[in-house]
Amino acid sequence: MTPPPRLAVRLAGLRLRGERREFVLGDLEEEFAARAAVSPAAARRWYWRQAVRCLRGQGRDAGAPVIVVPRGDPMLRSVLSDVRLSARVFRRAPSFAAAVVAVLALGIGANTAIFSIVNAVLLRPLPYPEPDRLVRLFHIPPQTTFPGIPTFSLSVANFLDWQRDARAFDGMAAYRGRGLTITGATAPEAVNATQVGAGFFGIVGTPPALGRTFTADEHQPGRSRVLVVSDGFWKSHLGGSPAAVGTTLTLDGERYTVIGVMPPDFSGHGWGATSAPMWMPLVWSDTDRAVRDNHNYQAIARLAPGVTLGQARAELRVISKRLEQAYPAEDAGWGGTAIPLQELIVGDVRTSLLMLLGAVALVLLIACANVGNLILARAVGRRKEIAIRAALGAGRRRVLQHVLVESLVLALAGGAAGVVLARLALGAGATALSGQIPRAEEATIDPRVLLFALAASLLTGLAAGVIPALRAGSGDLSDSLKEGGRSDPAGAGLLTRRALIVAEVALSLMLLMGAGVMLRSLHLLRTVDAGFDADHVLKMDVNLPGTRYAKPAQIRAFYDTLLERLRALPGVGAAGYADTLPATGGGSVQPIVLEGRPELKTSEQPTVAVRAVSGGYLPTMRIPILRGRDVAASDHDAMLVSASAARLLWGSGDPVGRRVTLPLESRDTLIDVVGIVGDVKETLAEQAPPTVYYYKRDVPFGDFSVAVRAAGDPTAVAQPAVAAVRAIDPQLPVQNIQSMRDAIDDTLVAERFRALLLEVFAAAALTLASVGIYSVLAYLVRGRRREIGIRTALGASGGDVVRMVVIEGLKPAIVGIAIGAAGALGAARLMEKLVFGVKPYDPPTLAVVAGTLLAVSVAASVLPAWRAARLDPVAVLRD
Amino acid sequence: MWFKSKPVLGDFEQLVLFGVLRLGDGAYGAAIRQEIHERSGRDVSINAVYTTLDRLEQKRLLRSWAGDPTPQRGGRRRKFYALTPAGAAALRQAWRAFTAMAAGLERQLDVK
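Protein sequences appear in the order of chains A and B.
Numbering follows the numbering used here, with no gaps: position 452 of the first sequence is 432.
Numbering follows the numbering used here, with no gaps: position 66 of the second sequence is 78.
One or more hints might be untrue.
Some but not every residue of chain A turned toward chain B, in silico, with C-beta under 10 Å [unchecked claim]:
{"no.": "1", "residue": "R0"}
{"no.": "2", "residue": "E10"}
{"no.": "3", "residue": "C34"}
{"no.": "4", "residue": "L502"}
Residues from chain A that keep clear of chain B, each with C-beta distances beyond 10 Å, as calculated [unchecked claim]:
{"no.": "5", "residue": "P(-17)"}
{"no.": "6", "residue": "L(-4)"}
{"no.": "7", "residue": "Q30"}
Some chain B residues judged to face chain A by a derived CB distance under 10 Å, without partners named [to be verified]:
{"no.": "8", "residue": "A60"}
{"no.": "9", "residue": "T63"}
{"no.": "10", "residue": "P81"}
{"no.": "11", "residue": "G87"}
{"no.": "12", "residue": "T111"}
Hints listed in this document are in silico derivations from the structure and should not be mistaken for laboratory results.
Ideal Cβ positions, reconstructed from N, Cα and C, are used throughout, including at glycine.
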């Protein structure tokens, strides 16, 4: 015979005393035995259910309470009894409890959600072995020619010298991205791969989940047709089967063998090198290895054990100095540095996130003030109850404890609801944020976030409860107990409550100010004149695989045909291509040499942004041609220069008709300057860089963004435009088809996200503050009924009463606005880096915000004031 | 008060008393609980049954005695119950009230 589950027996007996315990447990065990004879599992389930029912107490049919003999620590017991009492009190006042829990759930939930993003982005280390030893390597370019550009990609020869000479690292590997087209099984598909140098996977430190990574041998020319794929690609394209290792894929017309699959955790994390779906060996020919003046590679390195970042940087500095002397023509002025991988990934997001965390903490503070107010109002309403408890022997400490426990219970309930809300918000927001904030999609409710929520709840409970608790514990007992004694002794709690209003208004002002400045900044960014007209333009990316389009003539033929067909589409005005479109970031920066002048050391040679374009591109983007003419198909090598490039290179001279070379493209090709065009911004928030638009008849590669100007909605021509590409070459993938306006808006996602969150926080703050003002005034009017009645009886008009109450409400609001303005000034520093074209302490915004708060305060005062004015003096005075 | 008030039985108290009556010599907690469950469909906790039994005993409608410990019960005793004359009278009263009130309503209540 099996006995019932021991734990369940203990549970069942937990609240049973004396004989009852013996009889009940005996009955349960007997029935269990009978049931176990039929089905032991069902019997165990049944016993557990009964045990829980015993624990729950009497059941509905019972009357007399079980008397529990007090056990344990008296302090803990009194807290527990306070918890129970609170639960009972809240059951009696459910709307009060619900209001408080809802306010706190929103406050704590918002904080938890933001913190979980902070946790994922800033606090959680990268999931690679000893991630703090991973650094990326950069050149520091000469500031004379690359002003304001702090770091630069590496050149191959310099990287190889660093790799040979540096002792501070356990290993270095170069890498760079490459676009490819998969053909074979399905429709052609564009994929990005990362080409990685020898040792890359070893340096990062994550072993493959299946198969192997590259051998040194596979980085040699001719043996490199091997691939390591990501977990995501393995599942989506290779069926997620172990048999995928050893299969082949056709990329750009060549067959590659899949030799390994990386685990899911390896991918992403906001680092370009691991975000691609596949990796292939980086192969350098002897010619490649000699290139010192073209900087096109990224590099990752692992610090040797015990080596500090400072030591590693010092060593790179020393090696760079030596290279400067050895190769002055290429390397003069080029330094080297290492930056921790984590820092690069988090980058500028840190300021944004900390600002948001601060803002959301303000919301919680306002919620605390509000809840404090509500609890205070209740505590004052319950003076009698508290006085009775005190009269029956409850010490001041005991009363204080009770009020605090009440507020903590509310805060914990709010916190629990808040975690649920945060979870929901993350579920909805994480996908929207992924790609915009690095690692945001990794945000989850982990133990650290839960701990944060718990701490936030406890602090909230304390902050909201401490003032009411102190107030409840003080005051004259007999006064409160006296029947007919005024329920609200003059001034009791009013000062405290006014102070809470001041705090709420001040904090709201800071939040509104932040939101206002953010919105203005976003508006300015959106309406900034970027130098071209993005409306009605459709863009799409076309990549011609080098294997099938090896000759410039093939590429030229393809694009000539494509542009011709696009221009012939109904509703299309103009079409052209560029290697990089404006306002979306990125693009090549190169030294430029004027005809007849010597080529200087790279540190002294002026540099310009170089955009490879077709004829018709500038009119398509409506970039104005200020002088000269557009490039045309009849040109061989022609160039348009931007106004600022013209100033930089020729001063007041006329560039049209002059000739230049771009040494990184070709030292032998003289390019005719045929015109000057307007300046165009590369990044909305920054100055337009000096730019040249280069039309080369014999383009060596065919990856371009094609822009099409439509008469109406640009997305309407998307389908015919793709069809035009496919009609020429059905094997070509077309990517990133969207309107230019959307493409620009995509670059503002971080700004939009910040502005949106701040708006939400500010709206919450404003609502909470107005509720706070309203409740204080309503309370005040109730307390001063007699006085108002007397005033009315003595001849005060309704208008006088309304004015009096409204002014009463405005006083703390005005003090709050003043304090908040000072606070906003203090917080302005945090915002400085995040706004564009507007001071974080913008007087017009401040005026609007202060006005809004005043208006809200008046609005919140109107209802209590109106009630006060309608008081019937006869009825009031008779009471 | 000049009259002696008769105890009025609650609905669950009636079920428990009927259970005790039906079970005769074998009326103890678990058996009563099962009897109520099987016949009336009400699945109550054993603890609730005992609480009601205690109350009925306090009202002197039931008397009780403890049996011997048995191994099936883990060496614990059973507590048996039987109706007192007052308990039988109260149940009779409840039965009369119920049948008198229900008489002739079978069709309306749809029980036949």
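Hints versus structure:
1. R0: At 6 Å from the nearest chain B Cβ, R0 (chain A) passes the 10 Å test, so the hint holds.
2. E10: holds (5 Å)
3. C34: Holds, about 5 Å.
4. L502: With Cβ-Cβ at 62 Å, over 10 Å, it is violated.
5. P(-17): Check fails; 7 Å does not lie beyond 10 Å.
6. L(-4): Given a closest Cβ separation of 7 Å, the condition is violated.
7. Q30: violated (6 Å)
8. A60: holds (3 Å)
9. T63: With a minimum Cβ separation of about 4 Å from chain A (threshold 10 Å), the hint on T63 (chain B) holds.
10. P81: holds (8 Å)
11. G87: holds (9 Å)
12. T111: For T111 (chain B), the interface hint is violated, since the closest Cβ of chain A sits about 23 Å away, which is over 10 Å.
Taken one by one, the earlier hints fail for this structure at numbers 4, 5, 6, 7 and 12, listed in ascending order.
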